[in-house]
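Peer 1: Going down the list, the sequences are from chains A and B.
Just so you know, we're using this note's numbering here: the first sequence kicks off at 32 and counts up by one.
Just so you know, we're using this note's numbering here: the second sequence kicks off at 6 and counts up by one.
Please keep in mind that the hints were generated in silico from the structure rather than gathered at the bench.
Do not rely on the hints blindly, as some may be mistaken.
Claimed, not checked - The calculated lysine to aspartate or glutamate pairs, modelled on EDC-like cross-linking and capped at a C-alpha distance of 16 Å, are:
| # | chain 1 | residue 1 | chain 2 | residue 2 |
| --- | --- | --- | --- | --- |
| 1 | B | Lys57 | A | Asp208 |
| 2 | A | Lys327 | B | Glu245 |
| 3 | B | Lys281 | A | Asp208 |
What the hints assert, rightly or not - Okay, the calculated beta carbon distance ranges per label pair:
| # | chain 1 | residue 1 | chain 2 | residue 2 | range |
| --- | --- | --- | --- | --- | --- |
| 4 | A | Arg128 | B | Arg294 | 43 to 49 Å |
| 5 | B | Val171 | A | Arg192 | 46 to 52 Å |
| 6 | A | Thr390 | B | Arg237 | 30 to 36 Å |
| 7 | B | Pro189 | A | Thr347 | 49 to 55 Å |
| 8 | B | Glu209 | A | Thr347 | 42 to 48 Å |
| 9 | B | Glu216 | A | Ala54 | 45 to 51 Å |
| 10 | B | Glu217 | A | Ala350 | 46 to 52 Å |
Note that beta-carbon positions come from the ideal geometry of N, C-alpha and C, so glycine has one too.
Here is how the chains run, residue by residue.
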Amino acid sequence: MAARRSALRAPTGPSSLEPLLAAKEIVICCGSGGVGKTTTAAAAAAMAAANLGGKVLVITVDPARRLANALGLERFGNVETQIPPEHFAAAGVAEPRGELWAAMLDTKQSWDELVRAHAPDAATRDAILANPLYANITSRFVQSHDYIAMERLYEIHASGRYDLILVDTPPTRNAIDFLEAPERMADFFSSRLLRWLTVPARSRVFTMASKPFYTVADRILGTQFLQDIAEFFLLFQTMYDGFVERARAVTRTLSDKRTTFVVVSTLEPSPVRETEFFIDALSDRKLHLGAVVLNKVLPDWFRDRDATAIAQRMSTDAAGLAKAVTEAPGGAGIGAPDQVARVLAEVGESFLNFQVVATREGEQRAELAAVADVVATIPYADHDITDLAGLLELGSWLWR
Amino acid sequence: MPPPVPPTDLLDRRLLFVTGKGGVGKTSIAAALGSLAASQGRRTLLCEVDAKGDLAGAFETAPTEFREREVAPGLWAMTMDTDASLKEYLGLQLKLPLLARLGPLARTFDFVANAAPGVKEILTVGKLCYEVRERHYDLVVADAPASGHIVGQLAAPEAINDLVKVGLVRDQTGWMLDILGDAPTTGAIVVATPEEMPVNETLELAGRLREETVVDLAAVVVNRVLPELFTRGEEKIFRELRRPDRTEALAAAVGVPGPGAGSVEPLLDGAELAVKLRRTRAEHLGALRDGLPPGTQLLYVPELFQRSHGVRATRQMAEALGAELGY
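The following block holds chain A by itself, in its conformation from the complex (with noise of 0.2 Å):
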């Protein structure tokens, strides 16, 4: 069995995200839905902080409520909260050699303070912040999300005060977009159409190229909606000079040689499919893939040959191993021998079906192989996450 289950390991490569967080400043977690990236990226910081030392701050989009009380916080914040350390006493680790400390995203409030960085003056400020335009195409402009994220784990790793910040990545429509979110909002601010779209009406000196962009404009989207827009792009022009140098250093972050990127994905085709997309993407921008994370794997003994062929028996004859079982030494008593039968025809069927999604995982594990080192797996967890205790227990897994 020993040698059946090595086969199916990925190459070896280093066992643990261990050295990967001792070496490197920013973290972030990425791949695609439902896979587990703000738990796996919780459980990384809580053993960092636990066994590495330093402070750690884990920066969530969006994390369930009770992962907020799993690190012991009435509620996320954008402020920056630490674990108290009586947490981790109560979780088994007398003496963490760190820090944990915690945030969460808040798109609006971080659009916000961007402003207020940026704006020139405090009547822009306060203009831009009563837009109507604005609160909308915060919220609402594509990769806004992405972008903001991005822009503050810049922000926060610039001023120094973590020596180690791990990041959740938002949900994306494509897991790539958020790598591309900073460009795009440098080509954005520079782009000739927002000039075309911000030339007041009065004074637009239509060229061959300009000219139609307007008729249509006007026609699909009336001239009013057009001067709102336009106005709301003139007063955030005036931040354009800090937006655009902002928008670059955050892409150098990005490929910065201390930062580093760890995919998680669950072992089902879709996040399969996704994850070696995003490893290409990754090699493609020269980005540093630091580990690949399998998340809810089911445990190898599924796999098991000798086990799989007595729940064939079990689900084939029931009623033989039952009447067996009862009649076998150490066997009398356990019940009746058509209630038992019917218990191990379900052992049976279960461990069948549980089986071929084993396997099926095993092949999607094969195939991740061949793209990268697969470095953690975490095992199906049958219960919930609830308090620190539990994401250490989780982050062992990444840790051995």
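We have chain A; now place chain B onto it with these hints.
Peer 2: What follows is chain B alone, placed relative to chain A:
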């Protein structure tokens, strides 16, 4: 008291938005609903709004495009493309000449769509509502964006109404709102799995749909429901079997050589895991039931162990949904 009868038969509606947290099987459920409707003789259009290509996978066909294609008898599939939607709209509404030269213009609009909130969304919702209004199909099923984005999309016509006072876009929002706000015509279906985060997101989304959009919550589909393994009496027997001496008796009965329980252990561990999972999920399911507005239609789709995606899985899910709907 008899269970409340849903006001409209789910598939009698004309436009269904299927949404839910990422990873719960939203696309598979949308595909299964489309399949089910088509198999009942309803001319059905399935539209993938986030171009991820998963819809094509559900039918194992070539990638779907903006131009709809019949992927099964009576079932058409397309992928939303806001540029193409805009071109179609301009062609139909504005009768603009020289549409062939719209290339750069469409890029321009891609930009405006980004800059002006709601424009991209309205091009998506508009295309779907248009297919409904023109009665090209009996039913349009949208594999809509995940919970985080769906509200923005469905609320777009109202948002546009607030922001845009005149112009063609404004003129278009009225009839869209009529279609979206008419419960017998349009509904949202939220897909969840019986797990903590998907359940929380579903409850939150149900509230936001009610407060921020005109769209009716038509049903919640609970996907990947695990079977109940044991009755209470059987569970007692199972506990007995976990006692070391009983386990050895079982090992002897199945003929495992030598001392110890050997390969019988994984079987019992496996059943134990299944029982615990089922129990945890039952708790989440309870929270979901309690949290939803009374009378919300709940449809259960079992965990498919054999196939997780592809034509076969789509078919099995369609059958499960059909059984739940009483077909």
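Peer 1: Against this structure, judge whether each hint is valid.
Peer 2: Hints and how they fare:
no., hint, result
1, Lys57/B <-> Asp208/A, "13 Å, holds"
2, Lys327/A <-> Glu245/B, "29 Å, violated"
3, Lys281/B <-> Asp208/A, "37 Å, violated"
4, Arg128/A <-> Arg294/B: 43 to 49 Å, "45 Å, holds"
5, Val171/B <-> Arg192/A: 46 to 52 Å, "50 Å, holds"
6, Thr390/A <-> Arg237/B: 30 to 36 Å, "32 Å, holds"
7, Pro189/B <-> Thr347/A: 49 to 55 Å, "50 Å, holds"
8, Glu209/B <-> Thr347/A: 42 to 48 Å, "46 Å, holds"
9, Glu216/B <-> Ala54/A: 45 to 51 Å, "47 Å, holds"
10, Glu217/B <-> Ala350/A: 46 to 52 Å, "58 Å, violated"
Checked against the numbered hints listed earlier, the structure breaks hints 2, 3 and 10; every other hint is satisfied.
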